[in-house]
Every structure is written in structure tokens, then in C-alpha cells.
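Trainee: Residue-level listing of the chains:
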Amino acid sequence: MDLLAKVEELSGENLYACYQCGKCSAGCPMVDQMDLLPNQVILYVIRNDESVVEAKTPWICAQCYQCGTRCPRNVDITKIMEALRLIKLRKNIDYLKIGKVKKNLPQIAVVSATRKYTG
Amino acid sequence: MQLANIQGEKMEIAYYPGCTLKTNAKEFEESTIEAFKKLGIELKELNKWYCCGTVYSLATDNLMYRLAAIRNLIKVKEEGYDKVVTLCSICYNTLKQANLMAQQDEEAMYKINSFMDEEPDYHGEVEVLHPLEILKGMEEKIKENVVKPLNKKYAVYYGCLLLRPKEVAIDEYENPSVMEKLVEMLGGSVVNFPFKNECCGAYNVVSDREAVVERCYRIVGNARKNGADAIVTSCPLCHFNLSEMQKEIKKTDFVGLPIYYFSQLMVEAFGGRKCKEK
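Heads up: the protein sequence lines correspond to chains A and B, in order.
Heads up, the first sequence stops at 119 in our numbering, and the numbers go up one at a time, no gaps.
Heads up, the second sequence stops at 1278 in our numbering, and the numbers go up one at a time, no gaps.
In case anyone wonders, no lab produced these hints; they're calculated from the structure.
None of these values were measured; they are calculated from a predicted model.
Note that beta-carbon positions come from the ideal geometry of N, C-alpha and C, so glycine has one too.
Mixed in with the good hints, there may be bad ones.
Said to hold, decoys possible - A few chain A positions that, by computed beta-carbon distances, are all more than 10 angstroms from chain B:
#1 MET1
#2 ASP2
#3 ALA5
#4 LEU43
#5 ASN48
#6 ASP49
#7 ALA55
#8 PRO72
#9 LEU96
As the list claims (entries may be wrong) - DSS-like, lysine-lysine: derived pairs with alpha carbons at most 27 angstroms apart:
#10 B:LYS1141 - A:LYS97
#11 B:LYS1026 - A:LYS103
#12 A:LYS56 - B:LYS1250
Work out the full structure, taking the sequences as your base and the hints as a guide.
Mentor: Below is the structure:
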């Protein structure tokens, strides 16, 4: 299965609906920390460019749903980011090293981070 | 959402706390229970509850992560309630999205109900509520109870998960006003705050702490620029990120602000404990 098919299967989203307007990237609160803009992520996946799987962007995404809520083409990019994370996590490659988690963080932060960043 | 039937008389609603309300956000739990008592509503903690599963899982092919939320909703039903209130934005979002799935996705629920063989079947009978939704219908009762009106200027901060995805929003998702109205009813004034529905960086604080410090700088800095004396929020994780990460901001032009839960303001205006000045 190629990358595009895999992402479409995991996310349930139609990536070809995207017309690259960039509204997702304009609204994304975390965009200044990302190496690829959210609309670029879609473009890379459509082109089956596997390097997108190594990008930092899906891990900086905090699942705030801003992008998908504002998309004029109803593409829920939040789900696409989740699909890209899962491609790594299901190969047992974690983003978060549990041993390095700092102390004095609220449970909700630690439980959420382990859910999203470890397989 | 209007709860007309709770005007006047005493009422009891099931309360689902979640992990953080028992530890970091203890003051959120205590103040909400106290404020609601004044309004004649008893938030009755469920006898049994589990972790909500946190951050609603979005994969189409794995229902496993949604079981925790559904199991909690079954508990609500089993204890004889048809509504459940939860305070944490992440719990609210997770429970509400799972409940929507239960109402709309027959195939998924067939699988889940078959898997959770020992528990009664669930199809979304319970209503998941956030306290701010209940307060919407209680203007008169709130105003009646104000004895010490607030006299400060507040920036109201919703964060993301009470408003998005829009199917679970507690208010208009791009420009909510329920918390502003509450603050004004309590005697406070509200400043213009364009960052009110932007994410604080959430659990990135665990993995990319600097990114959240940067978010905090922009959010708190903007609130101050707009003349706020404090920020009011409703989410334990927003509260932690905004209040704790501002201590790590090294920029010289930055001056912090105190962060409160909306319920703490209610308690203060109702004549109870004053919010701490930080």
C-alpha cells in the first residue's frame, strides 16, 4: 500500500479535496514550530513523498482542530496528522522517551502525551 | 442548550471528575461544586469512574481507545442519571465525541457493545455537559447570588477543546461569548482578546516544552497588551500551561498575569473565598 492510500485509510479523509489555499496553516497556532506547513504535509502525501513521515510537523500538532474546522474543503487535517503519527508509532518508534519526562507535570499532560507520542 | 427545568428548584447532576481535578486542579473542582451549590445544583460525583482515555483517538481502524469513554458513560447510565457534567476540557471533549459516535455510528457501537460483553449496551443515551453550558440558562439565578461584584478586567480564554470540533462546541465555535457573559454578570469587565480560542500547546509541554513557553508568551502577552488584569480559563491544562510556563519566559518585555478558573470568580463574587493575587 502506498503512503497516500495508507493515510487515506487511517484518516478516512480525501486528500485530493485540498486545493492548497493555506487556510489551515494560517490558523495553526503551532505553525512557527513546524518544519512543514500543514498544507505542505497534504501535498507531500499526495505525491507519495515518504520524507513527510520523518517531518516534525505531525508531532508538534496538538490536535486542537483549528485547521479542520476552518478548511473550506472539509478536509480534517487533524486526522491526517494522526495518521502520520500512527505510521511511525505502529512500527514501535516512539516520539516521546518516557525516561526523559520532567517531574511536576499534571496527569492530564503526561497521560495525553503518552497516548499521542508512544505506541 | 437551555436547562429551563433547573430554574428555582434543587437539582442533582452526575459529576465525572477525571484525573487532574483530583490533583493539580483541585481548586477548580472545589470552586465549581461550591458555586453550583449556591445556584441550587448539586454536582454528585459518580461512585465509580475511570480515566476518560484522553485526547479522542482519530484512527478509523482502532476502536480500542474509545472504550474508556464509553465505559464511563455506561457507568453514568447505570447509576441512574441521564446527564453528566465534567469540568476538564479534555475529558469533556473525549466523552462528548465518544458519545456522538455512540449516537451515530451503529457499526462501531455493535463492535464495542459486543466486546464489552459484561456491561449493558450503550447507544448514546446520556447527555454530556460542561458547566458553562448549564450556566447559559441561569442568568437570573447567577445575578441574584452576586454579593461582591468583581471589579477587574479579564481576558477570557477558552482554548481549543471546548469549541472544536464544532460538533461538540459548547458555544459559537469561532467567537464564543458564554464566559464573557458570565464574567460580566459577576460584575467584571472583559477585554478584547483575539487569542481566546487558540490552543495553548496542550500536552506538547511534555515533549516540546519550549514550544509551549512560546505560546504562553504570545497568549499572556496579548492579554496584557489588551489591558487585562487576569486571564480566566476553564481547562486544567490551559491553566497549568499559562500559569507555570510564564515563569520560564526569559524575554525582558514580558510581565505575567494571574490565571483563574471561571468558577473561582463565581465563588469570589458570591461572597466566598477571594482569588489569590499573584
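Trainee: For A:ASN48, is the shortest beta carbon distance to chain B beyond 10 angstroms?
Mentor: Non-interface label stands for A:ASN48: nearest chain B Cβ at 20 angstroms, farther than 10 angstroms.
Trainee: According to the definition I'm using, a residue is off the interface if its beta carbon is farther than 10 angstroms from all beta carbons of the partner; does A:LEU43 meet that for chain B?
Mentor: Check passes; 21 angstroms lies beyond 10 angstroms.
Trainee: Is the Cβ of A:PRO72 more than 10 angstroms away from each Cβ in chain B?
Mentor: 14 angstroms, holds
Trainee: Is it the case that A:ALA55 keeps its Cβ farther than 10 angstroms from each residue Cβ in chain B?
Mentor: Its Cβ never comes within 10 angstroms of chain B, the nearest being 14 angstroms, so this holds.
Trainee: Can we trust that A:ALA5 is non-interface, i.e. its beta-carbon lies farther than 10 angstroms from all of chain B?
Mentor: With a cut-off of 10 angstroms, A:ALA5 remains clear of chain B, as the shortest Cβ separation is near 13 angstroms.
Trainee: Is B:LYS1026 close enough to A:LYS103, meaning Cα to Cα at most 27 angstroms?
Mentor: Measuring from Cα to Cα gives roughly 18 angstroms; hence the hint holds.
Trainee: Can we confirm that no CB of chain B comes within 10 angstroms of the CB of A:LEU96?
Mentor: Non-interface label on A:LEU96 violated, nearest chain B Cβ at 5 angstroms vs cutoff 10 angstroms.
Trainee: Once the closest CB in chain B is found, is it more than 10 angstroms from A:ASP2?
Mentor: 17 angstroms, holds
Trainee: Just double-check A:MET1 for me: nearest Cβ-Cβ distance to chain B has to come out over 10 angstroms.
Mentor: Non-interface label on A:MET1 holds, nearest chain B Cβ at 13 angstroms vs cutoff 10 angstroms.
Trainee: Non-interface claim for A:ASP49: all C-beta distances to chain B beyond 10 angstroms?
Mentor: 22 angstroms, holds
Trainee: With the threshold set at 27 angstroms, check whether the alpha-carbon distance from B:LYS1141 to A:LYS97 stays at or below it.
Mentor: 50 angstroms, violated
Trainee: Does the alpha-carbon distance linking A:LYS56 and B:LYS1250 stay inside the 27 angstroms limit?
Mentor: Given pair A:LYS56, B:LYS1250 holds - Cα atoms ~25 angstroms apart, limit 27 angstroms.
The structure shown violates the earlier hints numbered 9, 10.
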